[in-house]
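**Q** Protein chains in written order, with this note's numbering: chain A, 1 to 235; chain B, 236 to 734; chain C, 735 to 1208.
Honestly, the hints are just simulated from the structure, not real lab data.
Predicted model only: the values in this text are computed from it and were never measured.
Heads up, the beta-carbon is just placed ideally off N, CA and C, and yes, glycines get one too.
Treat the hints loosely; a few may be bogus.
Computed Cβ-Cβ distance ranges for the label pairs, DEER-style [claimed, not checked]:
#1 C:S1039 x B:D658: 43 to 49 Å
#2 A:R10 x C:S900: 36 to 42 Å
#3 B:G599 x C:Y1045: 50 to 56 Å
#4 B:S462 x C:D973: 31 to 37 Å
#5 C:A1174 x B:D658: 53 to 59 Å
#6 B:S462 x A:R128: 45 to 51 Å
#7 C:E1013 x B:P315: 24 to 30 Å
#8 C:L1194 x B:G266: 50 to 56 Å
#9 C:A1156 x B:P315: 35 to 41 Å
#10 C:G898 x A:S6: 54 to 60 Å
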Amino acid sequence: MLSCQSLTKRYDARVVVDDLTLSVADGEIYGLLGPNGAGKSTTIQLLLGFVAPDAGSRSIEGIDVGRDPAKARKHIGYVPETVALYPWLTGRENLEFFSQLAGHSLTRERAIELLTRVGVTAEAATRRVSEYSKGMRQKVGIAIALAKQARVLLLDEPSSGLDPEAANELSALLRDVARNSVTVLMATHDLFRASEVCDRVGIMRHGRLMMETDVAALTPQALDALYLQHIRRDQ
Amino acid sequence: MSSVLRAVTLAEWRRWRRSWLRIAVLVLYIGAGAYAIHAGHRDVRRWEAAIANGTQREVRMQDEVRAFYAAAKKGPADRPWVDLSVGLWAEWYTGTYMGMRAQPLALVARGVSDVRGHVVRVNRFTSAFEVGEQVDLGNPEQQVIGALDLVFVLTMLMPLVALTFGFDILSYEREQGIATLVHVQSASLTGWFLARLFVVAVTILLPTLGLWLVGAGVGDAFAQQASAVWQGAGFLTLLVLVWVSLIGMVGAWVRTSATSALTLASLWVAVTLVAPALTNQIVNTRVPVGYASEITNAVQTGQTALFKRTTRELLPAVYEAFPQLRSAPYARFDDAPDSLRKADKDFFPREFAEHMLSRRAMEGVWSREFARERIAEFAQWTSPTMSAHLALTRLAGVDAQSHRAFEQAVVPVVRQKLASLLDGEWNNRKYDLAAYEALAAMVPADARYGGDMATTCWFVLLLWLSTSFVMIIVGLRHSPDTFVRTLRSALNPRTTKVA
Amino acid sequence: MMRAMLRHELRWLFRNRRLQLLGAITALLLIASGFAGDRAVRTAGRERERAVAQARADWVAQGPVNPHNAAHFGSFAFKPVGTLAILDGGIDAFVGNIIRLEAHAQNDAQYAAASQQSVLVRLGSLDPALVLLVLVPLLMIAIGYATIADDRENGRLQVMVVQGVSLPAVFWAKTIALWTLAMCFLAAIGIQTLALASQAGARLDADVLSRVAAMAAVYATWLLSVTLLVTIASAIVRDARAALTGLLFLWIAAAIVAPRIAGRVAADRHPLPTRSAFEAAMREDRTKGLNGHDPEDARVKALESQVLKQYGVKDKKDLPINFDGIAMQKDEEYGDAVWDRHFGALEQQLHAQRADLHAVALVNPLMAVRALSMAIAGTDLSHARQFQHQAETYRRDLIQRLNREQAYGGSKTDDWEWKASASFIAGILDFVYAPPPLSAALAEVKTPIRALAGWTVLMLLAGVVTGTRFRQHT
């Protein structure tokens, strides 16, 4: 699980994350919605421990990220918006490398199995990443997170730039992952995907969490309206 | 940490074997080193041949003279004026040469060995200048280009090879966005970074040490100069670490690989080309070589002494320069036997005076050389390349200090010969075989000079290593953005706020 | 449109922070090296004047002296340091600037600066030539490697084309802007050199001015080739990073590695004899006769007979002249012939090595520029050999005059106490070195001239082709 308590971050005079409090339970998929500049990516950076907050705290699996970021990151799998991999290595070699960095050595078979699970064929796994599409890189990124046996999965705009088929595959994969009690937090402005895959969503605007709600009870149109209502509040 | 190291090693191996550029650079590096060893070995053989020529001539002449003594002959039949029982001719026909032998490690560097002499005929006329006149024939247009020797390969090309393998460590990841993933996956970005540097260091160290040890083997240095070989190996290890550390320092601070490449290239240019060139310019300005006035004046003064002055005229100048000679029996002209006072026997005292005055002049030259070296030794703190050059050429015995030691060794030998001849004249000695052998034996066997290493060089490299290592740690803890913001706020606290 | 592009490029260049920093450092090094070179030339000039005066004083102070003693006393030839050594020290550090002139011996130039310095002398000295040849090109690479690649990667190039700018206009505007930057450095050092030289009182005669102009032309051409190479690389290589990597490797290969390899290979292909072997061969020829069957004493005996017959006497003592003078002159001439033969062979090897290095200039234009720069500055091997030849010619004249005075000046054979007058000694003028004109200097470096011209034409053609065809998009 992950949680934030009154998390605040400023850059110069601008408040980027403003008194954010949220928590995501094990097995839950939480969608952090908001327009560009809402503070979603910064929230993820705070949870990863790469950025220090000006106030508040955050924890991953009960570990205070501020006190021991390295220990906290051991439980985190992270899939950035653009999964950047080493182009001269194959998909399998990238997976093996990043897994080994995390202290998890993978056999060749296990690597292929993981890649297959996320939708990268065995043949594609032997090709260099320079030949991969964005969707395939995304899948390798998820495989890296899975190989780590992370308890928390953070995704930043995972469906950005994906075609509909790839996006559907991603949604199915996330549901599958969450079934294994993995906590998933997904920052996105793709309302449709959020309504499809998330259990709960939170809407951020100007760094503030405007509201949280269960998605199950909402239709996609209702979620749209709710989102627009909170985004346009001052207008 | 071990899993990180394994991961990095495997990933780097995969990268490099797919990079034709890196393979080519490594192959060229090793190839250049091998060629340099081969060329250096030929240079040393040429050096030794020059000494052997002198030795052969010496042996031939002495065998001939021994035969004359054995047959109770005065000298060669076609030179009736030669009388080997007289000191003047006995000395001339010793035909002795004094050589500076090459250190076993001499093949690793040319140093100044091609612009200074290695062998000189030693007779009573010899001055230390004459060693300088026995420089081997060479092409100055090649000399000014610079030598392709192993020290050049290991101190100037090695950093470029290291750059090729490591210039984009972290900067590439930052540029491409991989850094975050690396940071998330590994327990510590610092650990990953150091593992990358370690792999680069090992990759460069292996061929570097390999070339050094092969060179040492070719020169038979393990048997004769083992301590110097291992000192050199240790020093080169430190040098590789310095450069890898510098690469890491730049990588920790810059954001893009292009900037990293340019910064490292500029750094290499600064410490490898500009710093030494600037040092030489400073040396030339502060202690110019000029027109060797000390030498030319001394030569002419010596010539004047030989042809124009009498001993009586010369001795006051000699006593002023060397007060201790007032009590030397062969310099007390007024007490000399009548035979010595006659004009045609005035030879030895005048030659002695010429020798002493030329030695004085040469000491002036040497002290100016020493002053130039002091500037270079001070300047080496600004450049690990300069320090490496000074260290390794000294180990190889091809530096200026080693050659000067040889030139300085010639002087007392000549003096000893002159003193013996003067003494012989004083006592009217007749030279037989035994006296001749004693005269010939005054010239010592060919010796080696240099072959050690100053401790300063180690401290220079340690300073560079520690400074760059500290900068790595600081750089990794602060992102470039934070550093720039901190710097700006420090420079202008009123206008810039730091988060 | 081209003018607008050029103005834009120049504005970008001079606002570029990297250029400002690196350019300032390079300019500082260039100016400092110019001042240092000037100081070295002036110091050398003063020292030379002192040395010449001292040598003259020593010579004249001999007073009445036996001519053969004077021949052994000898003198020195001191090579002057040319004005343009401010720009390019060339081989001066490795070649002595003093030749001892004496009887029975042809000496090399001695006491080279490199023989009295630390090993760092091998790493070069900071003169303007080094900066222009090696550092300014590196600066241009640093500034220009992304000049087209960046615009392409960021999509700006396509926007420019849509706005109506032609590809050649883009290419040539960037090339000219970069070259203009390089010319600023060249102009700065040119003005500094002329100013310093005239301040020092150097004669800025037609030869010096034409050498300065030639030097400027060589470096301007060189920097144009470099500029074109950088711009072409930026235009055709797939991305800026690859362009930078490629250019840096080329620079390292051309400036650092290739010259040394070329020098070593040339030395291996045309090895010089060791000094001991050279001197042993000369000794052998002198004592045993040039053809192995004309030993020294036989030559002397033959000469004696000839002279006795000429004067109609039976004994040397009866000659009205001094046979010793004649014999010594003949011996001197014989030694000169031996030296000419062996030194000539040595020079042929040196020329062969030089030809190899010049041939390499056909593939490495940096070596062509280096050769031309040294030739124009008067600091190359040709000038050193010229000095040696002129000094040797003077020496032969000097010794001949002394020997003739010994023979015909009034003394008799075996009269070694006889002295020539002080006025005769003082009447022998000093050696004066006449440096070759620029045309003669350039005649020695025809291959490098062709190489540089060829490379420039090649780069221009490549630029013309590239300028019309490079990719607008990634």
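**Q** All the hints need checking, so say for each whether the structure fits it.
**A** Hints versus structure:
The hint said 43 to 49 Å for the Cβ distance between S1039 (chain C) and D658 (chain B), and at roughly 46 Å that hint holds. The beta-carbon spacing between R10 (chain A) and S900 (chain C), approximately 49 Å, falls outside the hinted interval of 36 to 42 Å. About 52 Å separates the C-beta atoms of G599 (chain B) and Y1045 (chain C), a value consistent with the hinted range of 50 to 56 Å. For S462 (chain B) and D973 (chain C), the hinted distance range of 31 to 37 Å is not satisfied, since their beta carbons lie about 51 Å from each other.
Distance hint check: the CB atoms of A1174 (chain C) and D658 (chain B) are about 58 Å apart, consistent with the given range 53 to 59 Å. As the Cβ distance of S462 (chain B) to R128 (chain A) is approximately 50 Å, the hint placing it in 45 to 51 Å holds. The hint said 24 to 30 Å for the Cβ distance between E1013 (chain C) and P315 (chain B), and at roughly 27 Å that hint holds. Separated by about 34 Å at the C-beta atoms, L1194 (chain C) and G266 (chain B) break the suggested range of 50 to 56 Å.
A beta carbon spacing of about 36 Å between A1156 (chain C) and P315 (chain B) agrees with the range 35 to 41 Å that was offered as a hint. For the pair G898 (chain C) and S6 (chain A), the supplied restraint of 54 to 60 Å holds, since their beta-carbon distance comes to about 57 Å.
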